[in-house]
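Undergrad: Each chain, written out:
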Amino acid sequence: MSILIDENTRLIVQGITGREGTFHTEQMLAYGTKVVAGVTPGKGGQTVFGVPVFNTVKEAIEATDANASVIFVPAKYTAAGVYEAMDAGLKLILTIAEHVPVHDMMGVYHIAKKKGCRVIGPNSFGVISPGKAKSGFMAHKIFTKGSVGIMSRSATNCYETVFMMSNKGIGQSTCVGNGGDMIPGSTFVDLLPLFEADPETKAIVIIGEIGGSEEELAAEYIKEYVKKPVVALIAGKNAPKGRSMGHAGAIVSADGTGSAESKEKKLRDAGVHIADSTANIVEILEKIL
Amino acid sequence: MSILIDENTRLIVQGITGREGTFHTEQMLAYGTKVVAGVTPGKGGQTVFGVPVFNTVKEAIEATDANASVIFVPAKYTAAGVYEAMDAGLKLILTIAEHVPVHDMMGVYHIAKKKGCRVIGPNSFGVISPGKAKSGFMAHKIFTKGSVGIMSRSATNCYETVFMMSNKGIGQSTCVGNGGDMIPGSTFVDLLPLFEADPETKAIVIIGEIGGSEEELAAEYIKEYVKKPVVALIAGKNAPKGRSMGHAGAIVSADGTGSAESKEKKLRDAGVHIADSTANIVEILEKIL
Amino acid sequence: MDLMEYKAKELFDKYEIPTQKGIVIEDVSDLASKALNLTFPLVAKAQVQIGGRGKAGGIKFASNTDELLEVSKSILGMDIKGHIVKKLLIVEKAEVSKELYLSIMLDRLSKKPMIIFSSEGGVDIEEVARLTPEKVMKVSIDPLIGIKDYIIRYLISKSGLNNSLYEQMFDIVKKLYTLFCEYDCMLTEINPLVITAENKILALDGKVSIDDNALSRQPDILEFRDSLTEDELVLEARKFNFLYIPCEVDGNIAVMSNGSGMIMSCIDLISKQGMKVGVGFDLGGGATAERIAEAVRIVLSNKNIKALFITIFGGITRCDEVATGIKMAMEKHEEDKLLVVRVEGTNKEKGLEIINSIKGQIISVDNIREGVSVLAARRELK
Amino acid sequence: MDLMEYKAKELFDKYEIPTQKGIVIEDVSDLASKALNLTFPLVAKAQVQIGGRGKAGGIKFASNTDELLEVSKSILGMDIKGHIVKKLLIVEKAEVSKELYLSIMLDRLSKKPMIIFSSEGGVDIEEVARLTPEKVMKVSIDPLIGIKDYIIRYLISKSGLNNSLYEQMFDIVKKLYTLFCEYDCMLTEINPLVITAENKILALDGKVSIDDNALSRQPDILEFRDSLTEDELVLEARKFNFLYIPCEVDGNIAVMSNGSGMIMSCIDLISKQGMKVGVGFDLGGGATAERIAEAVRIVLSNKNIKALFITIFGGITRCDEVATGIKMAMEKHEEDKLLVVRVEGTNKEKGLEIINSIKGQIISVDNIREGVSVLAARRELK
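Protein chains in written order, with the numbering used here: chain A, 214 to 502; chain B, 214 to 502; chain C, 1462 to 1843; chain D, 1462 to 1843.
It should be emphasised that the hints constitute simulated quantities derived from the structure, not laboratory data. Honestly, I wouldn't trust all of these hints.
[Unchecked claim] Derived contacts from chain A toward chain C, CB cut-off under 10 angstroms, selection only:
#1 G257
#2 V261
#3 F267
#4 Y296
[As the list claims (entries may be wrong)] 20 angstroms max Cα-Cα, derived SDA-like pairs, lysine to any residue:
#5 C:K1609 - A:F376
#6 D:K1809 - A:F376
#7 C:K1573 - B:M319
#8 A:K328 - C:I1606
#9 C:K1599 - B:P406
#10 B:K304 - D:I1606
#11 D:K1559 - D:N1660
#12 D:K1548 - D:D1463
#13 D:K1809 - A:S379
#14 A:K326 - D:L1605
#15 B:K478 - C:L1570
#16 A:K328 - D:S1571
#17 D:K1809 - D:A1837
#18 C:K1767 - C:K1811
#19 A:K326 - C:I1606
#20 B:K256 - D:I1606
#21 B:K328 - C:L1605
[Claimed, not checked] Over 10 angstroms on every C-beta distance to chain B, these chain D residues come out as not near it, computed from the model:
#22 I1545
#23 E1581
#24 K1635
Positions of the beta carbon are idealized from the N, C-alpha and C atoms, including for glycine.
Isolated chain A, as found in the complex (with noise of 0.2 angstroms):
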């Protein structure tokens, strides 16, 4: 198993023409991925990689079956792209560009959650199940086959944990980017239920941040219905002060939310087990596991 993609995924690439979208339409071929259709506008009947190009992505889905979308087009033409592939059907969306304008994921999230699809990003490197497919950008070599989830609202962050896990034997069943945004398509409690349902996942790593609350609503999750082990780390505990959101802001994070010890605190709380850097993580699961 693994979650969200695998050797049945059939992907279409929006934005298969650009620059990054032929790029990694490439090297998700070269990983195995069955990358069934490209869109973009205007380019229909042409090929990539020897994938057909369709002016939209219904037709793309007429033509090819495909059941999930990586969005490869820049910032501002992302929320339409999601539009789109929400609106022809797809239930699965991966959204790649960084800088997408928070007001444009508001209007896609509860569309969304209305259409009852599974958006994940923006500003996020995709999800790749090692072994059966990768849709998005990161750089597979460091990824292995195994049993641990991983979900992180960064990519750097990810890669590095990953790199130390697959150095000491520790492999992945599926590494979620969910992206850095204020409003990501998918957070952590979207994912846990499936990751705690994947006979593969033996143990889930959490790799979130400070700001929001994600990691708040995923602990009282956890302490509910995960029972698989959990490994957390929340970075930013030292980062600049970021935006000043006045009074306002103040008023509504009154209890503290969104800093890092509210965060480690509740995870604490809910048996997670908390690390405080990356090479920690793997400390830890050599331990748990």
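Given the coordinates of chain A, work out where chains B, C and D should sit on it, guided by the hints.
TA: Below, chains B, C and D alone, put in the same frame as chain A:
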């Protein structure tokens, strides 16, 4: 039992200080309905027949724990009233006004489905569970407590039927005015499961009309899921042709959907008893009960 | 509210959906001044609220000024299925290389706007849809999301339309959708939408139907409606917010009620007895005695109506009010027409008392079937 | 992007949210011409991108022309926590009878805009929220539905605001919400929103924060941002679409990476060792050798930085490109600063080869911990 409303319903009247709102609040109270609050912007603090008036639905709910609303405001404010009630958390909303613009209802319909709210109407007489509660403007004296559940697109045909039923000693569990508009908040299919599950309801009456595909969809549902006897009347066989929907209308209903013939055939195939007049409904009920 | 072609095209102009250059005249004397800037050959099209004008001779061509005068004279004032032609649309004839079909309608099933597009349009579109349904594309729009570019891109891409027409076509679909939403439309239809010899896309004919319930926020359409030459009694009824529904042309019975459902049921029963209903009359809810009196007066002023069947079940409407209204009308009305009255509901006894006090041919019945029987017994109504 | 008060108020003006009459000056010589139409008493407020200006003496009153000149002189050029005052906002002093609080923020939890309103506003609003949370109302707006009148009606009705202020208040909330949506705001805050002695509601102070990712569609805000006097290196980095993040004022280590997560992790580890990071530098994805060279050049031109830790894990970024970029920069750079470099991912071997060919104090490490150990071993960095 009964469906939708009963002696435990805590009702809000939106537009309570208007002419119709006030008149029917008195009627509903007299019938025993628990009208716990009224809403009219700017009239908060007043009372109508002892019922406290609030400026907003949310305040009314906070103060009275109301769980349903009936909207007596004019057509052009109806959509706004439904949005307010939905957003305040109510799951049952009855709309009375006729002539609500259909584009308004299109928005309401899809938001209601998204939020899981049940909207009845517009252009509905409301809902009555005889002997328990009524919410709307129906002449309640003709209704009697019993075991037939009724849904009707037409108020007048429903009254007619109920009047004759009561005269013959056949009472009703609940009567629902679905409303005669092009986009009703709830259709026959939405309510059939409730009647089928209600132990008090022994038979179901559907009073339909030409146009649309509600009766056809109801037939499909009945065939699959409804074990109780169903009697249906389709009014309008000889009605003058309505608005022309151009070639588009012909293309969309090329299969005959919408005609009385199509509806009666589908319903008959589903084992439904077809009545040719309101009086005939009662004759059939006398036979099958 | 169905708009005439010229009015639909005014809306197209407003939304910059391309149409042929044209003018509207009401009298041939307007031709001299208005037709100056048009280039022959021209097409003259009768503007009536009914279909089938082509076959009836309501569309004619003119290749010069003399011909134009002649065809204009022949069409203006023409009777097309009972509709007198008061307005004539004269447009430049387009050189058509291909006919397309485009419409947006409010789809009752999905409760969403639906765009229908085919690269094989024209009068045979329904035939195309029947025989080769894959050539007629239907796409629903989620009103919470609205129209997005990819939807239009899909329609055009899938239709196989030549790529050189992409921008024009995209633009027309987007604008037609905006019109559909902003004008509370039930339907906007362009058939044929044509590609001209110069590779331009033009709306050659147009049909726009607007939600009657939304007219209060569509002031220009409301004005258009009121300017129409319609049945005087329809207009008279509308003044009081009644709905006067002309039914069969040779019908001699009128059915008045407080809801369309009951009216439909009565028409069904009366028709079954071999009689014909000429007028349906919907009072709506909450009528006062004064309003009922006006309603009865309006219906009885139709000379073809020999009998009026009033059936009222009081919900918002109260029976005594209805009876008082009937009495008020009957006391003023001179002709002795048959009234069959059935009232039920709130304050019924009071209502019956009043009805019994009315002089003339008035019969009170207890239910609809009885009322229909009374009508059926009268030989003059068959 | 946080806007200064005067810029926030320009937006309020645009949306007709009432503010006091005022002017903005950059030099006291502007006073004579610009302040003509203002009525004393006036308030002069320093415009800086940092809070706490009141306590720092950045807000002063003037009851006549002499005083105005004096306070203007004293504030312009003032240093408030490292920010030099270049702009001064001068407004008419309002007679305040009550202070309210109003804000709209993008709430991360619900992922919806949230309106926060209290009839007890002012500097103590956070205290009010803590001690009497029922006095601070929070309402989320469903972005698929938008703001509806009843939401505003609820806020006002529930707050107990005097009914005579209803229309004004309703208007302000609605307009602030429109501003929030149209300007891609993360936050719009009015505190205090005041009721004057004349029963008028005015925005006395304003805070607007705009999504940096949306600036490409907010040209006037982009222009404002570029006009700000900011750290030159921040501006220089921005030219190349890098993110230069000033951290601790006395930090002497810079951390450069291709993602904010890694930068945060490194800062955490370095801080734990008792060292201080002065600059975080995010390359973003897909950097070419040329861009890396510019990045290294920009960071090293900060005189306070003694060591640069570069840690790159190639996904979109490729290691050989990074190495080549570092080499290009180091060949031009004269000062001998410490570089600790860690590259991993696509084309790693090629990258290491290039790094080893660079002259100067450059140490290649295999992972982050090792890199931090190398830094910690240098006494001059503690």
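Undergrad: For which of the previously enumerated hints does the structure constitute a violation, in increasing order of number?
TA: Going through the list in order, the structure violates hints 2, 5, 9, 17, 18 and 20 and respects the others.
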